[in-house]
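Visitor: Given next are the chains, with one letter for each unit.
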Amino acid sequence: MADPRFFDSKGPFDLHKVIALTEASLAPGQSASQDDLYQKIYDLEALSQAGNGHLTFFENPKYLDEFKSCRATACFVHPNVLEKIEDFQGLPLLLVHKKPRRAYAVVANAFYPDKEIEAGVSDRAMIDHSAKIGKGVSIASGAVIEENVEIGDHTAIDANAVIKQGVKIGARCRIGAGCVISHALIGDDVSMLRNVSVGQRGFGFDPSPEGHLNVPQLGRVLIGNDVEIGAGTTIDRGAGPDTIIGDGCRIDNLVQVGHNAQLDKGCVLVSQVGISGSTKVGKFVTFAGQSGSAGHLTVGDGVTVAAKSGVTNDVSAGQTVAGFPAVPVNIWRKQVVALKRLVKKS
Amino acid sequence: MADPRFFDSKGPFDLHKVIALTEASLAPGQSASQDDLYQKIYDLEALSQAGNGHLTFFENPKYLDEFKSCRATACFVHPNVLEKIEDFQGLPLLLVHKKPRRAYAVVANAFYPDKEIEAGVSDRAMIDHSAKIGKGVSIASGAVIEENVEIGDHTAIDANAVIKQGVKIGARCRIGAGCVISHALIGDDVSMLRNVSVGQRGFGFDPSPEGHLNVPQLGRVLIGNDVEIGAGTTIDRGAGPDTIIGDGCRIDNLVQVGHNAQLDKGCVLVSQVGISGSTKVGKFVTFAGQSGSAGHLTVGDGVTVAAKSGVTNDVSAGQTVAGFPAVPVNIWRKQVVALKRLVKKS
Amino acid sequence: MADPRFFDSKGPFDLHKVIALTEASLAPGQSASQDDLYQKIYDLEALSQAGNGHLTFFENPKYLDEFKSCRATACFVHPNVLEKIEDFQGLPLLLVHKKPRRAYAVVANAFYPDKEIEAGVSDRAMIDHSAKIGKGVSIASGAVIEENVEIGDHTAIDANAVIKQGVKIGARCRIGAGCVISHALIGDDVSMLRNVSVGQRGFGFDPSPEGHLNVPQLGRVLIGNDVEIGAGTTIDRGAGPDTIIGDGCRIDNLVQVGHNAQLDKGCVLVSQVGISGSTKVGKFVTFAGQSGSAGHLTVGDGVTVAAKSGVTNDVSAGQTVAGFPAVPVNIWRKQVVALKRLVKKS
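Those protein sequences? They're chains A, B and C, same order as listed.
Heads up: the first sequence begins at 1 in the numbering used here, then just goes up one per residue.
Heads up: the second sequence begins at 1 in the numbering used here, then just goes up one per residue.
Heads up: the third sequence begins at 1 in the numbering used here, then just goes up one per residue.
Quick caveat, the hints were computed from the structure, so don't treat them as lab data.
Just so you know, not all the hints are guaranteed correct.
Same chains, same names: a pair is fine if it fits in one copy or spans any two.
27 Å max Cα-Cα, derived DSSO-like pairs, lysine-lysine [what the hints assert, rightly or not]:
| id | residue 1 | residue 2 |
| --- | --- | --- |
| 1 | Lys115 | Lys17 |
| 2 | Lys280 | Lys168 |
| 3 | Lys280 | Lys68 |
| 4 | Lys115 | Lys168 |
| 5 | Lys168 | Lys10 |
| 6 | Lys168 | Lys132 |
| 7 | Lys10 | Lys40 |
| 8 | Lys280 | Lys62 |
| 9 | Lys98 | Lys265 |
Please build the complete structure, drawing on both the sequences and the hints.
Guide: Listed below in structure tokens is the structure:
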């Protein structure tokens, strides 16, 4: 059970409500009475730990044994699973759904929605008189809101965050403690975790033995709607063009996004990834942990970049690439095998 | 045009002033009247986007077509370019300069100089009475200045930055919001972006199954003049010797510099680079993104370390190295090719 | 000598006290009078720089010459060294100890103990009335302590740190400036350097072209006793299980620990390491700089992961692995050699 010290549960929920919420269906071969449907679900749990009063899900075939011995009250399963079941006795009530994990996530969000913000401006926050603050906004102690900033309705700015002049933040955003934002226009439903740095000057200078000359970075950071940015991540403003983070992107911790880089919708950048300047990343691209891309490249829609890889050339849509320099993953695997064989011979 | 929400332009400038500022010359074959020289330049733009009233530059031969169709009022070009031009008709007024990009940067700095700081100490800053604060200094809300700190003239300390006891910061420095600095002596014209951590204890302990024993880190961080340090970067103090950042260094975001490391003048560390303890880096060395060096090594002047490489041995001056372990780049390229051939055979 | 601007020395100490503190013994062949034992040690120095009144140590055979010409008053040495000495004339007084470096560290801690904290709560700190603050606690300017937080005796919370609701921190902890902690239960003698982010939501969402759905992260971060966490490091809370950092761990700067990861006692994560979610790391495992592990793996006790490596499969206890994908280090070395030979042939 989630620690009540930190989490407030909106539960319990009756099982039929859970079914309605997810549009799950019952298993044809498993009988379920009205009483069954009015059982209370008190909490969600992992498959191996779920017990009476719990809801869980089974999706990864690796955990078949855990499923067979599962004692949860109810369990989301994929339709495929039904073919393998001879006897429903002892199993949880099965809630059939094409995406068991997603259904579970939907219910988790109902049990534990993001904490509602308490509207109010701390008297220990520093807010410039020219700033426009929307309805139901929360601004915590030590936050600094500079001139001409605009904060949208129901947005929360956490303690000691610094929002510098002219920044515009949309509605229902969550800006975590210690974030520093400048030169940015931000959409709605954007969440930044802690100590994020957005809008600082890009790494641009003209190198010379007489001394490197800084090139003024005259662009901005444009962030769409429904974006999440992890702790410690740094997103530089553009040099003249803008740095762009598209709708629905999910960026993990300690990620670097360089000046003029553009991420299209739904990109996923896992922790410690680095995207160099002026690289264009297509829709729904995933960069796995510690991978990176050189600058001035184009990465097509739906590409997956394996962990620790380095993209050094354009990547066409739909490919999975790995290694450094990154190559199609089947070729990378062959390289790994070839290198092993080489050692055996020697 | 740079968004006036965020940028204040000092322009427009007459074209002859731009020429004077950069010591550019006119193209012999292109006639320019007095009127031409008194045209106003309203802004700077990228080559492909520049139009009437704009100044731009052409340096990368990849963009020759964009140059030929460029509609800017004026354009910096290298002398080489003149040989290729048969007809000046329709071209911008050419400003001939050996380093077009640098000339453009010089003008950009004139149009968009770093914002002048507004001298003044916020009443929401916490400043120890023993601290020495220079002339024209700006200290923002929530900044903390501890005992015996010295801040040089015209330096700006941004919101919620923490300058711990005894730290000395020179003149005309910019310390970004959320920076935390201790055990450091810092020169003039140093810029730290946001959430930088300088002077914390180096990662030194004597390992043992009975428990790791911390070794007190008794050195400092010494930073020269004209240094820039990116967001989220961490620079540890030395163990007894100091950690040293030489004049003119440019350090990007999320870089780690370990205890006792020394960077000579003009080094460039791109984002997410890691320099291990006690490594000495020569003048004008470049570490590209996500590369790193093991400890106790010497990297010679003018070395370039390719992205994602790992330096595991001393590198002599002037070399370019790549891979892990890092080898001369031509050898690394051959290794990449050899590995590809190996796969084709199999 | 450590800069008195930043460091307060508790010395000098009489040499016999140093000997008592470390249980070192004198060299049988070297005569030492009572006067010798009452010499004062004024400071500690590196072997090559130590002089009269200094204490040093010799452990790395690479520095034999420096040892032979060392002018320190006293020097820790391993018993082995005595066999190689024919004539003690001119040498420092030798303090024989099985672990010279550790003995030196013990004395360094006596000379330069962690600064005692000055108990007291800044009137510029924001402390919720429900928070429980122990004896002798120090809370600095701009720190924010939210509801139901518990801070143990003699713990120091530095400037602008943010401790969010319900967090429990043990005794004698040091939480550095700019740290942000939530959803965490923390033991005694824990030190976090600057700008650390602990307890933010793990990177969990159900991906979909219709939009990624966040999965609520319902776990916590559990940190044991005697743990050190470096600047800028990010530790995510668990998804339901907890993220666990065992007693005695040493985590460097800019490290990422993903949700549900577990580190057993005494682990060492060097800078910029990334441990993916749900990976279990055994006792006294070392991940060298910029290395990482994929998720859902098990790394056995005493494993060493070389710099820049990527662990992609379980690793059994005691192994040293290198490369990506990580293999036993002797195999990795053979791969490096094989690749070099391949290039020579071509």
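Visitor: Between the shortest in-copy and the shortest cross-copy C-alpha distance, which are at most 27 Å for Lys168 and Lys132: within, between, both, or neither?
Guide: within (9 Å within a copy, 36 Å between copies)
Visitor: Within, between, both or neither: how does the pair Lys280, Lys68 come out at a Cα-Cα threshold of 27 Å?
Guide: between (47 Å within a copy, 25 Å between copies)
Visitor: First find the shortest C-alpha distance between Lys98 and Lys265 inside one copy, then the shortest across copies, and answer within, between, both or neither for a cut-off of 27 Å.
Guide: Within one copy only: 24 Å inside a chain, 41 Å across chains, cut-off 27 Å.
Visitor: At 27 Å max between alpha carbons, let me know whether Lys280 reaches Lys62 within a copy, between copies, both or neither.
Guide: Classified as between: cross-chain Cα gap 18 Å, same-chain 37 Å, threshold 27 Å.
Visitor: Are the CA atoms of Lys115 and Lys17 at most 27 Å apart within a copy, between copies, both, or neither?
Guide: Close inside one copy (21 Å), not across copies (57 Å); limit 27 Å.
Visitor: Is it within, between, both or neither when you check Lys115 against Lys168 at 27 Å Cα-Cα?
Guide: both (23 Å within a copy, 20 Å between copies)
Visitor: 27 Å Cα cut-off: does Lys280 pair with Lys168 within a copy, between copies, both or neither?
Guide: Within one copy only: 24 Å inside, 42 Å across.
Visitor: Using 27 Å as the alpha-carbon threshold, which applies to Lys10 and Lys40: within, between, both, or neither?
Guide: Classified as within; 13 Å inside a copy, 64 Å across copies.
Visitor: Given a CA cutoff of 27 Å, do Lys168 and Lys10 count as a within-copy pair, a between-copy pair, both, or neither?
Guide: Cα proximity of Lys168 and Lys10: across copies only (24 Å, versus 33 Å in one copy).
Hint violations for this structure: none, all hints satisfied.
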